[in-house]
Amino acid sequence: MKNRRRTGIKPALILTAALSAALILLFSLSSFAALPASASEDTGDGSAAGGRARYFNDGAGLLSDSEAEIIETALGNASAKTGLDTVIVTRRGYVSDYDSMNYADDWFDYNGYSKNGVLLLVDIAPDGSDRFWWISTAGEGISVFTDYGIDLIFDGIQDSMSGSDDYMSAFRSFAKQTIEYKNYYDANGAAIDIPPEKFSPAGPGIIAALSGLFVSLISTSKMKNELRTVSPKSGASDYVKPGSLAITGANEVYLYSSVARSRIESDSSSRGGGGGSSTHTSSSGTSHGGGGRHF
Amino acid sequence: MAVLQEYKCPCCGGAIAFDSTLQKMKCPYCDTEFEMEALAGYDQILHSTEGSDSIQWHNDSYEWKDGETEGMRIYLCKSCGGEIIGDESMAATSCPFCGNPVIIMGQYAGELKPDYVIPFKLDKKAAKAAMLKHFSGKRLLPKVFKDQNHLDSIVGMYVPFWLFDTEASANISYRATRMRSWSDSRYVYTETSYYSVSRQGTLDFERVPVDGSKKMENTLMESLEPYDYSQLTDFQTAYLAGYVADRYDVDSTQSVVRANERVKRSTEQAFASTVEGYSTVTPEKSVVKASEGKVKYALLPVWILNTTWNGQNYTFAMNGQTGKFVGDLPVDKKAYRRWLFGLMFGVAAGVFLLLWLFFKLTH
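Residue numbers (our numbering), protein chains in the order written: chain C, 1 to 295; chain W, 296 to 658.
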C-alpha cells in the first residue's frame, strides 16, 4: 500500500474509492495498483515520509505550527514504541457521527499508514456548534483499544482538557494513553476492558435462602396436611342434580371506564456484559474498531 | 313401647346378624344364610305377634340421683336376661353379657322409622386394615405411633343422617371488570371497564346429608362423604343386627341450617362459574333461597375406631360403604423441624450452587 497518496477524502469521493477497492478484490491486481485516481486533494498538512502521511494533520488549525511539531513528535514516539500508527486528524466538516466515522476510517486506510493503528479524529461543525471526536482503530489497534478502553481514553483526554479548549493537552494525553494501553496489552495479553464481574454472594444468597424457605415451608405444610384428614365440607357440589342449573335471568350493565397510562421505558443501550471491541467495515473493506462522543 | 328385638335363626335358634360380605343375614352358629327379603316378611310377622312384652324399668333397687337417669334406658336381654344399659337414642347394640346382637324396636317405630339405609359393605377386618394403611406413608407421623397406638374399640355404627332435597333459587349480583390495553410509541394505555352483572336462576340439590346424631362430630361425618346413594335401600331393622345404631337426636329443622349453608355456598359457586369473559368478578350481593325441600331419614354405615397413644385419644372413622378413612394424627415435632430445616438448608445450598455455576459458565 505504499503508493497511496495522502489525501483527505471528501465524502463525495468515498464511493469512487469503494468501487476501486472492489476492483482490487475482483481482479486481484497488485496491491498498489488501486489508488483512487481522483482522490488526490492535498490537505497540505505535512509532508509524507516514505509515502506515509504525517501523524498529526491539523486540518482545522487548532494548534500553532510549533505546537503541531511537538505533537507530531509525540505521536511519532508513540508509534515507534507501540508499533501502532498513532494518528490525529482534525477538520471543520462535521455532518454526522456516521460521516465522521467513515472519514476517520478512510483517512487511516488511504494515507499509507501500516495496518495497525489508532486514529483520533476531532471533527468540528463548520459553524462551531458541535464538536465530535472519534477514535478509529485498525489491525492490532482493534484488540488494544476495546469499546470500554476508548470510552476511558475520552474520559482521560477530556479531563486533561480541563473543560477549556486545551487541545494541546488533549493530544498529548492521547499519545501517552496509547503507549499505556499497548504496554498493558503486551504485559497482560489482554486489553484494558470492562473489569470482569466478580461473583458477589449477597444476591444469590438471598435468592437461595428465600427459595429454601419457600420450598421447605410448602413441603412441610404438605406433610402436615397429610396428617389432617378431618375437615368440614364447604359446599354441597357432590349433591347437585346434574344438569339442573337453570339461569333464568342474566344481565350486564355497563357502569363506567377508566384509562390509565404508563410510559414505555426506552431500552437503555447497553454494550453487553462481555466487553471487547465492536467492529465495522470501512469503504476499503478493512475492519475498524472505534467509538466517539460529542464534547 | 320399646321392645328388644333379636333375630333368631329359624334353623337353630341362634341370634343372627347382618353379614356385610354376603349382604345377607347369616347365622354364626349353623352358617345358614337368609335373604333380606325373607327377613322383611319375618319382621312383619314378629311385629304382628308381639304385644305381651313390655318395657321393664328397673328403678327400684336404689335411689338414682336427680338427673342421673335422664336419658338412660335399661333393657333386658332376651337371650340371657342380662341388663343392657343404653341412652335414649340407642337403637341397636349387642348384649354385653352374651354378645348377641339386639335391636330396640321402638326406636324406629312410627315417625322415627328411617326411610333408607345403606348396608355395611366393609367389615371390621377391612376397617383395621384401612387404619394401618392410614398410618403409612406419613412422614411426620411419630415412628412409634403405629406400634404403640392401642386400639380401644372398633364399632360398626349406623349413624342417623338427614338427607335434604331442595331447589335453590338464587339472585346474585357481581361487580365485574374488563381490561383492554393498547399502546402508542410513548405510552401503554389500560382501560378498565366496570360492569354490574346479575344472574337469576335455580339449582337442584339431591340428598345433601347432615348428621343427625349429637354423639357424632359433624366435621368427622362430613369428612367421610360422599356415599354412593345408588345403594340406598329401603330400611329394614334386620340390617342393624350385629351393629350399633342410634336414632336421631338432632331433628331435621335443626339440621337444615347446615344443609342450607352448604347449598348456598355451592349455588354461589355454580352461578359464579356462569359469569365469564371478565378480567375480575367480585360477588356483591347474594340471595339464595332453598325451597321445595324434602327431608329423608337414612342410616349410613360408619366404622368408628377409638385408640389411645401417650394418654391421648384418637378417633378415626371409616365410611362403611366406600372405605374412605379419616382421622387426625399427631405431628412428630422433632421430625417436623428436621424436615423444615433440612429442606431449607438443602434447597438453599443447592440453589446457591446452581447460581454460582451459572455465573461461572456465563462469565
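Just so you know, these hints were derived from the structure itself, not from any lab. Among the hints, erroneous ones may be present.
Unchecked claim - Here are the simulated lysine-lysine pairs, DSSO-like style, with alpha carbons at most 30 angstroms apart: (1) C:K224 - W:K438; (2) W:K509 - W:K438; (3) C:K222 - W:K629; (4) C:K224 - W:K419.
Remember, predicted model here, so these are calculated numbers, not experimental data.
Now the hints, each set against the structure:
1. C:K224 - W:K438: The hint holds at about 15 angstroms.
2. W:K509 - W:K438: 34 angstroms, violated
3. C:K222 - W:K629: With Cα atoms ~16 angstroms apart, C:K222 and W:K629 stay inside 30 angstroms; holds.
4. C:K224 - W:K419: 28 angstroms, holds
The structure does not agree with numbered hint 2 stated previously, though it agrees with all others.
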